[in-house]
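Chemist: Letter by letter, the chains look like this.
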Amino acid sequence: MADSSRRADTVTLTIDGHEVNVPKGTSLLHAAETLGIEVPHYCYHPGLSAPAQCRICLVEVEGAPKLQPSCVTMAQDGQVVHTESPSAKRMRQGVLEFYLVNHPLDCPICDMSGECKLQDYVFDEGREQGRAREPKRVFGRDDFGGDVLYYGDRCVMCTRCVRFMDEVAHDARLTVVERGDRAVIDTFFESGLDDASFAGNVVDICPVGALVSKDFLHKARAWDLDHTPSICPNCSQGCNIDLHARDNLVQRLKPRENQEVNGHWMCDYGRANYEWINRAGRIESPGVGRSGKRRAADWQTALGALLDRLRESEGAGVRIVGSPLASNEALGTLHRLGRAVGTVTESVFRCRRTEDEDPLPGFPLLVRRRDLAPNVDGAGILGFERAGSDDATGGLGAAASHDGILVVLGDQLGDQPEDFGADASLYVYLGTFDSPAARNADFVLPVTTFAEEDGTFVNAQGRVQRFEQGLQAPGSARPAWLVLGALLAALEGGNPPGSAADAFAALAAEYAAFAGLSHDAIGTAGAVPEPAHA
Amino acid sequence: MAYPYRHDKEVRVLSEGFGDPAARTVEGWKRYGGYQGIARALEIGRDATIDEVKNSGLRGRGGAGFPTGLKWSFMPKDSGRPHYMLCNADESEPGTFKDREIIRWTPHQLIEGCLVGSYAIGASHCYIYLRGEFFETTNVLARALEEAYEKGLVGRDIMGSGVDIDMTLHVGAGAYICGEETGLMNSLEGRRGEPRIKPPFPAAVGAFGMPSTINNVETLAATPHIVRHGAEWYRQWGTEKSPGTKLFCVSGHVNRPGNYELPLGFPMMELIEDVCGGMRDGKALKAVIPGGSSVPIMSADDCRSCTLCYEGVEAAGSLLGCASVIVMDENTDIVKQVRRMAYFYAHESCGQCTPCREGTAWATRILRRIEDGLGTEDDLDTLIEISEQMTGTTICVLSDSLAMPIISSIEKFREDYLALIRRGERVGAA
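Quick mapping for you: the protein sequence lines, in order, are chains A and B.
Mapping the first sequence onto the working numbering, position 145 (from 1) lands on 178, and the numbers just tick up by one.
Mapping the second sequence onto the working numbering, position 355 (from 1) lands on 979, and the numbers just tick up by one.
Careful, some of the hints might be misleading.
Stated by the list, open to error - Derived contacts from chain B toward chain A, CB cut-off under 10 Å, selection only:
1. G889
2. G983
3. A985
4. T1017
Rather than coming from a laboratory, the hints here were simulated on the basis of the structure.
All residues carry an ideal CB built from backbone N, CA and C; glycine is no exception.
Chain A extracted, bound-state conformation:
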């Protein structure tokens, strides 16, 4: 330890009896965090400035005349810090009691209940019985516009929301009005947070239930939600998110911290567009035969029949329509299968694109991208070309009248004529939702959405990012890589991939862009492939 403390860029201090070595300029709160000690805090947020005003993170620093705010007090060599000393604990208990003087304690009807920092801290360290007998002051609630609702009575005045709008969104639409215990958060103008494209983040950073989402209002209790690390499917930025699901339905999307991609944030567009994941009308079982003569089949029957047809048509021209919503594992395995069967003459995808990007000024890495799908770059790496216009229509003329093998994955072909694929010698449709343009398909195979499978996307920065299965697939829908991998193994020999990681490993062996990567190496933070650095 003596060696490391001699280095100019680190300091060594003692917190609660544990020695810790941290970089210079680390706050006591962070230094404690590295030891697994959580110092309670409200106003401090790692993505914002620290006003040190909630006063609950005060800790005892030996030699200091009074308790010090750990969020803005920088670690110094030789410092001895106590977060659990009698004076620090007594102060925290006092501050918590102060918070409850006016707090309505409406936890039973509060959306934040279960993940509320006030609730947590009071349960941990608060007084058993409050002493406040006076009537509480009442503000009621205020519609801030956008998706945001404000319950002033629950507010702890940490001002994280004000600072987010000011420092990160660079759009100071929130402020503190009045002072003392009459102080509340308010918007400057009637329009409030309407059309502010990142305002939903203020709900995430609110440590209590003061700012809540209208969309999520009274929809689910926090403890009933399953959290699954995932990637936002709504643009090619690929913000790291958590899927919050209950009863196999996505209830909301929340940003998951990744300083290389989205920081602590995500955009409102991405956040709001999750209902399609829950949509009914899914294809639930494989179908064999063209429309009219189609019958449901189990997977073994369907894939057996399909294999026979594939073997018959060996050497044929293959046209593939993929989707930028599909994983690398699905698209890559699809392309490999196409090449195993015949000659891939065309592989395309269509993607909705907006006119403009929407950057987050205070965190410039995060941009709501023009491409409104998560895996445009992955599709490119895997040999798919962009087709059609910016509203994801057209561009499939050659495929529509192709007389060889036609495989469609994911694209719902909503704009395509009824005779799409009618001339194909073999037309396979792998999709999530039934589509009129799948009527001519010889095989309709139900596959899962990103929320129902493991896999990876490549975002606009070239970063390969993993997402995990958060929902059960409907009926007998299977991940596309599993279906396609089984077909490929049957045609070429070898073992079919048993997991998305296996499917990815096969891609890593073939595609230079994925060389050296694996699901394990990608982890939850994502990884940029080596060639991208070159």
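Since chain A is already given, all that's left is putting chain B on it; use the hints.
Modeler: Leaving out everything else, chain B in the frame of chain A:
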């Protein structure tokens, strides 16, 4: 003798021109020796000016009593950045009315003080932050400043010295917290009047992010006299630790309330009994708040041997603060008095820090309940504990300022509280 009251025991350094309307002009002020202080400062130079003030032992008159010369010496030398002198004229401590009188009668005294201070710390711009309610005061100062500009005493090349010092008056919007030095800076910059965390201290990062020094009106007003006559001259009054003279704002139940300039170390009872003409209607003294509402209350016994200097009042269990002596006679309802003060602090809390935002308002509500005869003895323990939680836990000392009178009043006048709680009897309610 136009000024309300005068007394022979007074030593008039700052208050010499009080009551003389002629002192409001440059010519008039020069008859009192005006603008000789800055002239001498320009002559002896920056460092010597700071040394003179340092040696005089002048302590900040805004309440904290920090040595002024030392504060000035904290300013960086040759920082290459603009320095700012800030004059705190947001006098809003309940019971205080000295700065207003200095500005109202002798505006040039303040302007000259600002010049000396600005020159000493290398500031070419001085902001005078005036309390929002100071209408007449602001007008007087604005007129005086205009004249000072016309006469070349302020602005470019003051008095032909080659030194530039501009001065701007900024009128607040009426918030007590803007009298806190960093709250004042935020307000001056157009932000919410909320105190800032220290460090960084103003001498490093002050107004507009630049090195700044902030001084009270009375402090700055004293500096030209010190520079002109020398530190030793100033030290002829007062005590070793509290040299010089000080304006005492006496209010309450005395026969002649008002501003009296006395040497520090003056006996408190002599101030009350002699200078102020004794207690009104011959009533007995009950309590004194010696330094504006933010300091512990003193009982009559505490006052007997108390001398009015920083160390003297501290020895008697309170603080000199800004020497605003509030005198209360035997008929005073201490509970009501403390509740009224609590209401003030709850109303003026900026609301940043939790202990202050919630604590001041909660304490006010408890005191109101006790006043209404609905209190319990447990409430007194709760009040003391709330007060302790409000002490030393916040960014500024606003909540400490309420904690002190609450704790001291419960300690010293517990009987008053108990009379209300147990028997519903209001002391002094006639």
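Chemist: Report the numbers of all earlier hints that the structure fails to satisfy, in ascending order.
Modeler: 1
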